[in-house]
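A.B. asks: Spelled out from the first residue to the last, the chains are:
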Amino acid sequence: MTTRPKLKLGSHLLPGLAAIGLFIVMTAAFLSASFPQPQGFPADANITASIGYAMFNLNLGDVAGESFLAAFIIIALTLDVALDGSIHLARREYSDSDTSVITDGGRKLKNHVFNEGDD
Amino acid sequence: MVGIFDLAPVIILLPFISFLTALAIGNRLPKGGALTGITATGGSLLIAIATAVAVSGGRVYTATIYTWASGLDVVNLTFGVLIDPLSAMMLVIVTLVSFLVHIFSLGYMNDEGEVGLPRYYAGLGLFSASMLGFVVADNLLMAFMFFELVGLCSYLLIGFWFREPGPPSAAKKAFLVTRFGDYFFLIGVVAVFATFGTAAFSGSGSFPALAEAALLGEAAESVRTFGFEPQLWFTIIGLLILGGVVGKSAQFPLHTWLPDAMEGPTPVSALIHAATMVAAGVYLVARMYGFYALSPTALAVIAFFGGFTALVAATMGVVKREIKQVLAYSTISQYGYIMLGLGGGGYVAATFHLMTHAFFKALLFLGAGSVIIAMHHTEDMWEMGGLKKKLPVTYYTFVTGSLALAGIIPFAGFWSKDEVLYETLLHGLDGNTILLAAYAMGLIAVFFTGFYTFRMVFLTFHGNPRSETAREPENVGMNIKIPLTILGILAATTGFLNMTPVAKLTGLHIEFLHKWLEHGFTGLTVEHYGELLHDVAGYGATGIELSPILPGAVSLGLALAGFLLAYQLYNVPEPVAHTDRLGSLKTMVYNNYYQDEYQVWIATGFTQPLARVASKLDQGVIDGVVNGVSGVSLFAGSRVRRIQTGIVSNYAALLTLGLTALLVGLGLMGGWFV
Amino acid sequence: MLTPQYYLVLSAAVFCTGLFGILTRRNALLFLMSVELMLNAANINLIAFSYLWGNITGQTFGLFVMALAAAEVAIGIGIILVLYRNFDNVDVTDATTMRW
Chain A
29 MTTRPKLKLG SHLLPGLAAI GLFIVMTAAF LSASFPQPQG FPADANITAS
79 IGYAMFNLNL GDVAGESFLA AFIIIALTLD VALDGSIHLA RREYSDSDTS
129 VITDGGRKLK NHVFNEGDD
Chain B
482 MVGIFDLAPV IILLPFISFL TALAIGNRLP KGGALTGITA TGGSLLIAIA
532 TAVAVSGGRV YTATIYTWAS GLDVVNLTFG VLIDPLSAMM LVIVTLVSFL
582 VHIFSLGYMN DEGEVGLPRY YAGLGLFSAS MLGFVVADNL LMAFMFFELV
632 GLCSYLLIGF WFREPGPPSA AKKAFLVTRF GDYFFLIGVV AVFATFGTAA
682 FSGSGSFPAL AEAALLGEAA ESVRTFGFEP QLWFTIIGLL ILGGVVGKSA
732 QFPLHTWLPD AMEGPTPVSA LIHAATMVAA GVYLVARMYG FYALSPTALA
782 VIAFFGGFTA LVAATMGVVK REIKQVLAYS TISQYGYIML GLGGGGYVAA
832 TFHLMTHAFF KALLFLGAGS VIIAMHHTED MWEMGGLKKK LPVTYYTFVT
882 GSLALAGIIP FAGFWSKDEV LYETLLHGLD GNTILLAAYA MGLIAVFFTG
932 FYTFRMVFLT FHGNPRSETA REPENVGMNI KIPLTILGIL AATTGFLNMT
982 PVAKLTGLHI EFLHKWLEHG FTGLTVEHYG ELLHDVAGYG ATGIELSPIL
1032 PGAVSLGLAL AGFLLAYQLY NVPEPVAHTD RLGSLKTMVY NNYYQDEYQV
1082 WIATGFTQPL ARVASKLDQG VIDGVVNGVS GVSLFAGSRV RRIQTGIVSN
1132 YAALLTLGLT ALLVGLGLMG GWFV
Chain C
1243 MLTPQYYLVL SAAVFCTGLF GILTRRNALL FLMSVELMLN AANINLIAFS
1293 YLWGNITGQT FGLFVMALAA AEVAIGIGII LVLYRNFDNV DVTDATTMRW
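Protein chains in written order, with this note's numbering: chain A, 29 to 147; chain B, 482 to 1155; chain C, 1243 to 1342.
Worth flagging that the hints you see were computed from the coordinates, not collected in a lab.
One should not assume that every hint holds.
Distance ranges between label pairs, derived from CB positions [claimed, not checked]:
1) G1105(B) - G38(A): 46 to 52 angstroms
2) V1307(C) - A56(A): 21 to 27 angstroms
3) V1307(C) - P33(A): 29 to 35 angstroms
4) G1146(B) - P64(A): 25 to 31 angstroms
5) I52(A) - N1269(C): 25 to 31 angstroms
6) G1146(B) - T30(A): 16 to 22 angstroms
7) G1101(B) - N1269(C): 56 to 62 angstroms
8) R1120(B) - Q1247(C): 40 to 46 angstroms
9) T30(A) - G1296(C): 31 to 37 angstroms
So, partial list: chain C residues that the calculated Cβ filter (under 10 angstroms) puts toward chain B [stated by the list, open to error]:
10) T1259
11) I1264
12) R1267
13) R1268
14) L1271
15) F1273
16) A1313
17) V1315
18) N1328
19) D1330
20) T1335
21) T1339
22) M1340
23) R1341
24) W1342
The structure presented is a predicted model; accordingly, all values stated were derived computationally and were not measured.
Ideal Cβ placement from N, Cα and C applies to all residues, glycine included.
Let the sequences and hints guide you as you build the complete structure.
C.D. replies: Okay, structure coming up:
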């Protein structure tokens, strides 16, 4: 027998009032601000091609913009680092195997966990 | 001849260099620094004699050596020298006695195999330098600083044998008692600066001259008397400075340190506690006499306390057992006479007695030192006896000194003490009852002086030997006998310097000391003092004439009476302690009228509880406030740090609240919401 | 087109929803999801202003923000793993050792 999921209400929701307060302040600021007319993009401009050209410092796009080659390379590096970092954090020191990436589809882990549970 | 006065600082520097040498390399020197001390004081003596010769030609000298604080519109604090007849005379006395004591120390300390000699000679050198600096000081603050320095050297030298219990305690007592007096002296110095803006002794801008002008009604702007009448205020300042004088010259009631100071080596007692350091106080009064002469009340106080001290100390000296103790009380008593002379208007008489006393008291102490060496460091007179034949040089010089002390004609003490008493009586007969009372006390003390002096001589040198050491005393060497002889000759002949009675009777101009003190800086001469005493204090105003014969005969008679009584009682083969017949009176006098116990009570029964209350106030209130402030800070911190709960969501909540508040604030200021 | 205010209010709403999640959720994974929401709210902002000024910079930058968000989540999940190892629990209110 299961119970249906219930929305958990309680005093732990009180800090959320700070978020609501922030929303009210931000909305008030935004609604009272005056903006110029949106310029928009030309109807037949190829926006994605422009983004691609901007990534590689090529000014061949229809829409003007800044060049992001340096940011592109840096983000590539960052993604690489993040991947390695997460692998490093996830590594567990097994006493019965060498410390390498688990590439057996999880068989060893499964045996380790369920055999211990069986014993 | 510009050279000799420029060498005045050298007089002070030579002993100071010997002090530094003894400290630095005294261990490696053959006699532990004695020879450098002898050379240094000998050199100072030669320069002092040359200075005195130059001064006798009528020249005086003052110079500012160093300005160590120059104020913008207020006082300047300087070091300088002042060479005039009084200071030149004192220079010769101090250097001569110091030189002889250094030679004597070769026999007393080196030959007896004492240890720690570099420290001893360093102390002697520093003391000589400080005392000489004090003598030539040209302003009151410099005098005060050297005053304190000589007190320090006294402390160091009394406590020379610090490994025994007696000397360090005596040194501490000496330092504390004199310091108590010096506290009032310091307040007096500050008062002088505040009142006159200067503390110089000589010149038209000196404080005695300014005070004189203020009394006459001139110079009103530069002299601030803080709402008092000028004469009353000057009396107050004079009495404050007198506090230091009373302490340093061991007058009643601050005399208790001097007998205990006999714990130090005998040459130290001869130099410091007989001839020079205790002279510092009375020398200061003589130096500032132009200021003291303006206040008859202060003069009366000085005279009365001087006479009282002379009498009380003489009675205490009658019952003592140890030879140095008798001499200590004798010193207190004789300085009472000098104070009596100064207060009674006899400036020349007091200076004369200062000079003769320095010589014969140093002689007596060195003689006592010779006896102590011979008796293997026993001081109790009841264990001596019959030393006359074994120590002839000591005996004859000691008797010369004793005759001088007792005031028997024609030795030095007679002329000087007699003149002191004569001047006091003369000015007292003008109707000044305090001076007459002081004269009476001084006169009675003459009898006691004669008695205790010759009791000492007879018990020590006459009669049969009363102990083994007295039968076979040790011989003393030439380095002991030579200083004794020189001082003996001086004690016998110095009296002829100023024989006032003979001068008055015969009309001869033989008052050499009076003439010596006549020239000098205006305001510091004997004539000027005489004028001030006549005009302001009224001494000699009624013009009474008194022949010096009768008072002289009376005092001589009393001295001889004391001598005869001692002769009767003690010049027998086996003397007994006749003073025991005084019974409980003797107990009281032997215990110094319980003055020591009284002063200890002031310290422990009165001052210490007061200090405890003040300490509680300091710890409780002041420290409590400071600790309370820090306590508040610590408490607040320990409560505020609980914001760091470690729960990330709480931090996020605080961030959000902060951001919201910041946005609201900036928006209201920047007009976002309108 | 619509004025930028609509987009800004939408962005504020999404941001504050994410913030609400951070302030009230106890599960660390849901905490991470809320952080993702906040990042994407910023993205909406960027796109809106790109349209306002007619400049492609905003959209390009938005792409980079997305890539960064991915990287950050990778690291975040690694940290949650370590957190679980040390405290046996992914409750953020349970890991309170760095406190007074």
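A.B. asks: Now look at each hint and say whether the structure bears it out.
C.D. replies: Against the structure, the hints:
1. The supplied range of 46 to 52 angstroms is met by G1105(B) and G38(A), whose beta-carbon atoms lie about 49 angstroms from each other.
2. V1307(C) and A56(A) have their C-beta atoms about 26 angstroms apart, which keeps the hinted 21 to 27 angstroms range intact.
3. One distance hint, 29 to 35 angstroms for the beta-carbon pair V1307(C) and P33(A), holds here, with the actual separation near 33 angstroms.
4. Evaluation of the 25 to 31 angstroms hint for G1146(B) and P64(A) yields a pass: the beta carbon distance comes to about 27 angstroms.
5. Between I52(A) and N1269(C) the C-beta distance comes to about 27 angstroms, which sits within the given range of 25 to 31 angstroms.
6. For the pair G1146(B) and T30(A), the beta carbons lie near 50 angstroms from each other, so the given range of 16 to 22 angstroms is not met.
7. Hint check: G1101(B) to N1269(C), Cβ distance near 58 angstroms, so the stated range 56 to 62 angstroms holds.
8. Restraint check, R1120(B) to Q1247(C): a C-beta distance of roughly 45 angstroms satisfies the suggested window 40 to 46 angstroms.
9. A beta carbon spacing of about 54 angstroms between T30(A) and G1296(C) contradicts the range 31 to 37 angstroms that was offered as a hint.
10. Restraint check, T1259(C) versus chain B: the minimum CB separation of about 13 angstroms is more than 10 angstroms; hint violated.
11. Using the Cβ-Cβ criterion of 10 angstroms, the hint placing I1264(C) at the interface with chain B is satisfied: the shortest such distance is roughly 5 angstroms.
12. Interface restraint check: R1267(C) against chain B, minimum CB-CB distance 8 angstroms, threshold 10 angstroms, status holds.
13. A hinted interface residue such as R1268(C) counts as satisfied when its beta carbon comes closer than 10 angstroms to some beta carbon of chain B; here the least separation is about 8 angstroms, so the hint holds.
14. Hint status for L1271(C): violated, given a least beta-carbon distance of 14 angstroms to chain B, over 10 angstroms.
15. Here the hint on F1273(C) is kept, as its CB sits about 8 angstroms from the closest CB of chain B, short of 10 angstroms.
16. The interface hint given for A1313(C) is violated, since its Cβ lies 20 angstroms from the closest Cβ of chain B, which is over the 10 angstroms cut-off.
17. At about 17 angstroms, the closest approach between the beta carbon of V1315(C) and any beta carbon in chain B exceeds 10 angstroms, and the interface hint on this residue is violated.
18. The interface hint given for N1328(C) is violated, since its Cβ lies 14 angstroms from the closest Cβ of chain B, which is over the 10 angstroms cut-off.
19. For D1330(C), the shortest C-beta to C-beta distance to chain B is roughly 17 angstroms, which exceeds 10 angstroms, and the interface hint is violated.
20. A hinted interface residue such as T1335(C) counts as satisfied when its beta carbon comes closer than 10 angstroms to some beta carbon of chain B; here the least separation is about 5 angstroms, so the hint holds.
21. With 10 angstroms as the threshold, the beta carbon of T1339(C) comes within range of chain B, its nearest partner Cβ sitting at about 6 angstroms, so the hint holds.
22. Restraint check, M1340(C) versus chain B: the minimum CB separation of about 5 angstroms is within 10 angstroms; hint holds.
23. The restraint placing R1341(C) at the interface with chain B holds, with a minimum CB-CB distance near 3 angstroms, inside the 10 angstroms limit.
24. Of the supplied interface hints, the one on W1342(C) holds, with its beta-carbon coming within about 4 angstroms of a beta-carbon of chain B, less than 10 angstroms.
The structure fails hints 6, 9, 10, 14, 16, 17, 18 and 19 (numbered hints given earlier, in ascending order).
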